[in-house]
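J.: Residues per chain are reported as follows:
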Amino acid sequence: MRGREFSVLMGPSLLVMFGLLVVPLVRTIQWSFENVQYGSPGDFVGLSNYAHALTDPRFGRALMFTLLLTVIVTAAILVLGYLIAIGMNGLGKLRPVILGAMLVAYVLPTIVGAVSFSWLFDQNFGGAVNWVIHAITGQDVLWFTETWANRAMIIAHTVWHMLPFSMLMILAGLQGVPNELREAAKIDGANTPKTHLYIIIPTIRGVLGFVCLITIMDVLRTFDNLIALSPQADAIGNESIMLYVFDSAFRDGAQQLGLGSAINVLSIFLIIICLFPFIRGLLKEAKAKA
Amino acid sequence: MRFPRPLKTGVAVLAVAASLAGVTACGAGSKTGGESAATVACDYPMPAESTTVNVLAYNSSAIDPFTNTMVKSCSRDKVTLKHDPIDFAGQVTKTTATLAGATGSYDVLETYGFVVPGLAEHGDIEPLDDYVAKYADKYKLNALSKEMRESMSYKGKLYGLPMQAQMYVMAYRKDVFDAAGIKPPTTFAEMIDAAKKIQAQGNIKYPIALPWNATADITTNFQAAMNSYGKDFLDSSGKPQFASAEAGKALEQMKSLLPYMDPQVTTFDQPKVQQQMFNGTAAMAIMFSGRMNDLTLPSNTKLASNFAFAAPPAVESGAPYLYSRLSVDGWSIPKNTKLDKDMLFQMMASSVGEDASKASVPAAYPAREGMVSEDSSKYAAAANGTIGKTMPAAGDPKAAPVTNAIRPILVQVITGQLDVQAGMQQMQSIAEKTISGS
Amino acid sequence: MIADTIKAPSGKAGVKILTAPRPRKKKNPTAAILLIITAVVMLTPFIWTALSVTKPTDVAFANPPVLTGYAPTLEAFQNLWETTYFAQYLVNTVVVAVISTVVALVIGLPAAYALSRFPGYVSAILLLLALVFRSLPRFAVVLPMYEISKSLGIYDTTFALSAALVAINQPFTIWLLRNFFADIPKELDEAAMIDGCTRIGMLWRVMIPLMRPGILTAGIFVFLFAFQEYLTALILTDTSSKTVPVFITTQLGQTLPMLQQAGAAAMLLTLPVIAISFIAQKYLVAGLSDGSVKG
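Chains as they are written, first to last, in my numbering: chain A, 848 to 1137; chain B, 384 to 821; chain C, 786 to 1080.
Please keep in mind that the hints were generated in silico from the structure rather than gathered at the bench.
Mixed in with the good hints, there may be bad ones.
Anything over 12 Å on all C-beta distances counts as not near chain B; from chain C, calculated [claimed, not checked]: (1) Leu-819; (2) Ile-821; (3) Val-826; (4) Val-888; (5) Arg-984; (6) Ile-985.
Pair ranges (Cβ atoms, derived) [what the hints assert, rightly or not]: (7) C:Gly-981 with A:Leu-1129: 35 to 43 Å; (8) A:Leu-915 with C:Ile-822: 25 to 33 Å; (9) B:Lys-638 with A:Trp-978: 28 to 36 Å; (10) A:Leu-894 with B:Lys-638: 41 to 49 Å; (11) C:Ile-822 with A:Ala-996: 18 to 26 Å; (12) A:Val-1024 with B:Val-399: 36 to 44 Å; (13) B:Val-399 with A:Leu-915: 35 to 43 Å; (14) A:Ile-1120 with B:Thr-476: 27 to 35 Å; (15) A:His-899 with C:Ile-821: 50 to 58 Å; (16) C:Ile-821 with B:Thr-422: 52 to 60 Å; (17) C:Gly-938 with B:Asp-520: 39 to 47 Å; (18) C:Ile-821 with A:Ile-1119: 35 to 43 Å; (19) B:Lys-622 with C:Gly-938: 41 to 49 Å; (20) B:Gln-808 with A:Leu-894: 26 to 34 Å.
If you want a taste of the chain A side facing chain C, the calculated C-beta under 10 Å gives, among others [what the hints assert, rightly or not]: (21) Leu-867; (22) Val-873; (23) Leu-941.
Ideal Cβ placement from N, Cα and C applies to all residues, glycine included.
Work out the full structure, taking the sequences as your base and the hints as a guide.
T.: Written as structure tokens, this is what we have:
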């Protein structure tokens, strides 16, 4: 098609994305160099917001926690998603039912899921998990004030929320594994774990890569569920980067909009760095096609 | 015709949702003014165009009667009052947000003595003296307690129309106390004794419940502890007192209670403390009086008839005051509202009128004099006695920012991550920085 | 007529997932049981909330939890409707979701078509940009939107929230639709245009009917994303355009009866979403699987 047609068809979408994504982004970058609050023009302070952010122990903690969460959750949903997908592959009539049940966790609004999840762990509200644990071991786990217990709960919720997506993607990918390949492996004497490791997984590595990409992208930006699951996030070292931005840049009247914006910019770099291997792959594909 | 199973399930779920909505949704929005709220005369000049008045007020059994009276009585013809339910933390956030700019979202704000000086100093809320003078007779505003009006004043001008006062009240399980043979404690040491005896009975593991929420209430409680010794966060000249001996004693006494409280006490706001009492997992709690009425309602808990009330203890015997804070709640008008401030004042004034104030008892302790007697409620006697023994709270615009600054350090001291002396030094220095820097 | 001769792309892998013939190897009952247990575990938070909001207030959050011996009641739902503006919040949520879905599709369809038919470096770069935009931290975009909307006077309107959501979800919409378009052979375009159609006419009369599954899929996803949205709504709404997720979080520090109402609100928000996920399962699966495995 001709270039002009291309521009006309792409026009509205590009306009919307430019006006409503790029323009605010530029503003954020501008704010990151200023000491500013809403409603007043800011004073230019150069790189001091960045310096503050990079030397702030709170940012360091947020960074560590967010990265930790990302790594653990990505690993968990890849493994669990794979196992469940393999299991689902063997199902017949039951498949749509289980699929539907599992999708519920994915389609629920994150914050709603997090609130429901938190009630299960809150002793004050008759949380079932606490009750079961107490009945079995006689101990009580402090889900909201102990750092690692809280992390376990947050990881559990994030995995719960993202698992259906991973499972579905891998299941779809498995449909594309030719049966002949599997049978050939069996003839060659490969037992099941080896079949999986050396035949199936390499075949679906595109799908696995994609799941990795989306999960990393989403978990690095964790925010919604921490509101319900970790009301004292900073005090116990479970604050995510986005929660830190919210706290500094918006919560108490946006006192530190400049600092929050600097952290936003830094997170953009972080995300792009984490996604770099995938981006490079896509660029290579594009070059090959062009 | 066979429908696939997922489709059938989906339609079934939709049917459930629709019937759930249908059965319960009749009368949507019909009781937004509160069914039991008193309706009073709310007589203001009707504006020309249709107007919505947005009221910002958190929900509690003490505030709701006044809010609901205002919404119910003053909405008519072209004017609608709108009050979105919101919790206390939400109100704090929204207050800052709505006052930070040339236009705001709310036209009537619930404020309390602690924040009034800061807001007034910053020029965010409207002085009300002229309106009070104008409408004193119409709404009998002179019957509003003078002390409470002073609590809501700054530099001699009134910035909030007081509706009620809240002070700490101790609620306890009379049945548990009787079984253990103990009387309501009058000092922290006695509280610990009582807790030990209750623990020995075997049913309640952590008998004491206090709202030491790490993101808000804990500083109020620390302040109450210091007040008991006669010291406040800032002295009369505005200097921070965190390095004083009293501050150290307050911290030690607070820490001594920890073994008798749920280990997650730093996540408890007042509703969670109420919940512990409802569930019977605590035997005594100290909270603001506005949260006491909920404990007496059988709809909230099967233990409703077992609760008794007393004045809060002093931190130590011989301390000049009780472990208590006096907080006066009232209505303020933001400077950046676009509506007619005279009309807003009249709405506020009618909500604190005689009928409304009378109807708010026993849940609230109205600012209007002569409303509360010893038998107004189960805790009226306790409340009356406590007011006189609570340290008067001097308003300082720097109090709120200082409180926010010391809070994380206070949490670290209480949870044991920081020792008391180091914590005191850090609080003192950050308080001084906050006062000078901002 | 041209459309009839070519089968519409329906998410081939997706359909396979749902309509797979019985596997030839013997079924593994252990796997089935484990999967049923997994499904139940995944549903537990939802079931628990449903239980909590149908109990009378005095036992709803009792510790230890009360599972029997009470009369279930819908009082929390009734109070929710009657004493709060839940009806308005629900309407806001639905309105924002519908508007942003419709607009996102209207502007996303032509763009996705263009990207699928104009291969080359430019398209690849644009798609890559779309990916990068999708990965942006929301606050970097929404905090300035707060300022912009206030200065334009559209703060706290469903319009502002819808516009924000259209933009935020555009990258995903384009990506997904483009993959569906890629399934339709290019020869079809040329054939239609030889017959005298203009490009736009061909889009309208030929492509869109063929793309119905893709459009439905993208529409359902954008609708779900808008329905779920919390962060953007938190920043851009206040009293008039508040949505249900924001309302629920303002009730987390409330006393018992209002907390139950928040749970009831969560249920009323969730049930339609679950219904959609069952009814439109085919499309969700197609979108998730086909929309990204390729390309």
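J.: Confirm or reject each hint.
T.: Outcome of the hint check:
Annotated as non-interface, Leu-819 of chain C keeps its C-beta farther than 12 Å from every C-beta of chain B; the closest such distance is 21 Å. Look at Ile-821 of chain C: its CB is around 15 Å from the nearest CB on chain B, clear of 12 Å, so calling it non-interface holds up. Annotated as non-interface, Val-826 of chain C keeps its C-beta farther than 12 Å from every C-beta of chain B; the closest such distance is 19 Å. Distance to chain B confirms Val-888 of chain C as a non-interface residue, since its nearest Cβ pair spans about 25 Å, more than 12 Å.
For Arg-984 of chain C, the requirement that its beta carbon stay farther than 12 Å from each beta carbon of chain B is met, with the minimum near 37 Å. The beta carbon of Ile-985 of chain C sits about 35 Å from the closest Cβ of chain B, which is more than 12 Å, so the claim that it is off the interface holds. Look at Gly-981 of chain C against Leu-1129 of chain A: about 38 Å separates their beta carbons, and that is inside 35 to 43 Å. The beta-carbon spacing between Leu-915 of chain A and Ile-822 of chain C, approximately 29 Å, falls within the hinted interval of 25 to 33 Å.
Range check, Lys-638 of chain B to Trp-978 of chain A: Cβ separation about 30 Å, and the 28 to 36 Å hint holds. About 42 Å separates the C-beta atoms of Leu-894 of chain A and Lys-638 of chain B, a value consistent with the hinted range of 41 to 49 Å. Checked against the hint of 18 to 26 Å, the C-beta distance between Ile-822 of chain C and Ala-996 of chain A comes to roughly 24 Å, which is consistent with it. Taking 36 to 44 Å as the suggested C-beta distance range, the pair Val-1024 of chain A and Val-399 of chain B conforms, at roughly 39 Å.
Distance hint for Val-399 of chain B and Leu-915 of chain A: a CB-CB separation of about 40 Å, consistent with the stated range 35 to 43 Å. Checked against the hint of 27 to 35 Å, the pair Ile-1120 of chain A and Thr-476 of chain B passes, with Cβ atoms roughly 33 Å apart. Taking 50 to 58 Å as the suggested C-beta distance range, the pair His-899 of chain A and Ile-821 of chain C conforms, at roughly 53 Å. Separation of Ile-821 of chain C from Thr-422 of chain B is about 56 Å and conforms to the stated range, judged on CB atoms against 52 to 60 Å.
Checked against the hint of 39 to 47 Å, the pair Gly-938 of chain C and Asp-520 of chain B passes, with Cβ atoms roughly 40 Å apart. Under the hint 35 to 43 Å, the C-beta atoms of Ile-821 of chain C and Ile-1119 of chain A, about 41 Å apart, fit the expected range. The hinted range of 41 to 49 Å is satisfied by Lys-622 of chain B and Gly-938 of chain C, whose Cβ atoms lie roughly 45 Å apart. At roughly 32 Å, the beta-carbon separation of Gln-808 of chain B and Leu-894 of chain A lies within the given 26 to 34 Å, and the hint holds.
A cut of 10 Å between beta carbons decides the hint on Leu-867 of chain A: the least distance to chain C is about 3 Å, and the hint holds. Interface restraint check: Val-873 of chain A against chain C, minimum CB-CB distance 8 Å, threshold 10 Å, status holds. About 6 Å separates the beta-carbon of Leu-941 of chain A from the nearest beta-carbon of chain C, less than 10 Å, and the hint is met.
When each numbered hint is compared with the structure, no violation occurs for any of them.
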